[in-house]
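K.L.:
This is what each chain is made of:
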Amino acid sequence: MQLPYYIDLLGTLVFATSGALAASDKNMYRDIFGVTFTGFVTAVGGGTLRDMILGTRPAWVADGNYLIAITIGVLFAIFFKYYILKYRRTFFLFDTLGIALYTVVGVQKSLEYGVSPLAAIIMGMFSAVMGGVIRDTLINEIPLIFKKEIYATACLSGAAVFVLLKLLEIDDNINSFISVFIIILIRTIAVKYKLTLPKIGSR
Amino acid sequence: MQLPYYIDLLGTLVFATSGALAASDKNMYRDIFGVTFTGFVTAVGGGTLRDMILGTRPAWVADGNYLIAITIGVLFAIFFKYYILKYRRTFFLFDTLGIALYTVVGVQKSLEYGVSPLAAIIMGMFSAVMGGVIRDTLINEIPLIFKKEIYATACLSGAAVFVLLKLLEIDDNINSFISVFIIILIRTIAVKYKLTLPKIGSR
Amino acid sequence: MQLPYYIDLLGTLVFATSGALAASDKNMYRDIFGVTFTGFVTAVGGGTLRDMILGTRPAWVADGNYLIAITIGVLFAIFFKYYILKYRRTFFLFDTLGIALYTVVGVQKSLEYGVSPLAAIIMGMFSAVMGGVIRDTLINEIPLIFKKEIYATACLSGAAVFVLLKLLEIDDNINSFISVFIIILIRTIAVKYKLTLPKIGSR
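Protein chains in written order, with the UniProt record's numbering: chain A, 1 to 203; chain B, 1 to 203; chain C, 1 to 203.
Hints in this document: simulated from the structure, not taken from any laboratory. Source: prediction; values computed, not measured. We put the beta carbon where it would ideally sit given N, CA and C, even for glycine. Just to be clear, a hint being listed does not mean it is correct.
Stated by the list, open to error - Every beta carbon over 12 Å from chain B, so not counted as near; a handful from chain A, in silico:
#1 8
#2 71
#3 76
#4 86
#5 121
#6 150
#7 161
#8 171
#9 182
Stated by the list, open to error - Using C-beta positions, here's what the derived DEER-type ranges look like:
#10 191/B <-> 177/C: 53 to 63 Å
#11 192/A <-> 191/B: 43 to 53 Å
#12 185/B <-> 85/A: 51 to 61 Å
#13 87/C <-> 191/A: 18 to 28 Å
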């Protein structure tokens, strides 16, 4: 099927943009290599980790289109930085769509490779958020997923729904649509109403 | 054999508890996701890295019991935090038992997969300590293994003993028992007498 | 062929030295384990990541000689620290030779494993610089590749030249020689004339 492939490429592009922006935003020396490298790692990090655990080769290694998508995403961040920051809301939609799509692609691929349902939920979330985690670790910051309102948790919820509907033998396309929708919904509501998860260990 | 399997699950639980405690201890925002995620990474990080290098799939991916053990370990950390910190000595025993078991399981698995004896010693140590290293990197701290009195070194010593006795064709069960005992012994003595390794590069 | 093997071992030794020096240089507690561990990670990190992505087992796992090379490299750093820092220029040459060789070995291996030309360029650079990136992340610093004048970029350029000449069916040995030379040339010129890449996102 062609559609998911192009959606995957679009997700890669969006993540590359968000990664490059994060690097160029840090108030320190960032040259064109640092920005590109950070965009690249953000875009492919999560999927690469998932594929290394699954024991299969990441898509970007064999298919040059992913690298082209990343290049476009990084150039986009460099040339339209102020425009993107101005239309922050549009960018938020893109990022949210990105994590939703990555999660569902990730959980689906994991199930195909015979991963247990519980582990597949985690692998789906990993696909979506670990690129950002690696990016934040490289630029020496506490990973955003530990600070953001309900972010990875939205991915986990959507992944859980996908696994559940899969067990109920719902058609994969319908299932993908519902799961993606749920992730976007939870994430949007969390941001709109500033919902957070219960805190632990506060003093 | 069933016994090592349950011991492995127990080790996973203990490491999840210690990881979750480390996160909830950091004087900053930590929600229930951050604590769980950190517990998970601490518990499976070392073994996952070992298995990715060996080219085999980590146990938690196929066997849901590991994820259940981690969930219990994290809940334990959340609900019994003050109890655990009070009975610190008991927890220390658990953690020491955990690294000892993980080391021996790791070196044994590596040898089975045809790793050279010298590399197997390192892989055994990796299994035991890299989960903690990844955890500390994520919460933006210098990894504990660089600061703790003789910790990874105890694992290396025990792993070396295991490889040596294996070459001498000692029975695996007896060998495991001796190697685990040596790691616990070295670690306990190091903590009790505050032994440290020679420092380098002091000014 | 025997020559590349010994060159690879020499590269490993040099990187172990530079990693151990970086650890012992940090103005904080560094014992003999921390220094050795950091040297080890610097030396094998990049190649291990490359091999995990390619789905093959890293050389150091099967061949004990790599670990011996690392041990020698670390001991060298410990005993000849002041000597090395005095003859900094010699060490710079070694490090530059190291990244050049690692890059070409990495891109060559990636192409052999059926990686796309574009991705092989990245994999070559990864082989050379990711060990240092992991090292810097562990000792909680911004990775040097983000701060150093044209470092990873020199590797990317040399890797691109290798791929190009390979497509033009130039003999591998001649190609390796030219590509290594180009990396050394770019890096040396960049340091000598303090060339940097254009900055992005400055305020």
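K.L.:
The structure should be examined with respect to each hint, and the outcome stated for every one.
P.N.:
Hints, verified against the model:
1. 8: Answer for residue 8/A: holds, closest chain B Cβ roughly 22 Å.
2. 71: 28 Å, holds
3. 76: Non-interface label stands for residue 76/A: nearest chain B Cβ at 29 Å, farther than 12 Å.
4. 86: 28 Å, holds
5. 121: Answer for residue 121/A: violated, closest chain B Cβ roughly 9 Å.
6. 150: 8 Å, violated
7. 161: 17 Å, holds
8. 171: 25 Å, holds
9. 182: 17 Å, holds
10. 191/B <-> 177/C: 53 to 63 Å: With a Cβ separation near 54 Å, residue 191/B and residue 177/C satisfy 53 to 63 Å, so the hint holds.
11. 192/A <-> 191/B: 43 to 53 Å: 50 Å, holds
12. 185/B <-> 85/A: 51 to 61 Å: Since residue 185/B and residue 85/A have Cβ atoms about 58 Å apart, the given range 51 to 61 Å holds.
13. 87/C <-> 191/A: 18 to 28 Å: 56 Å, violated
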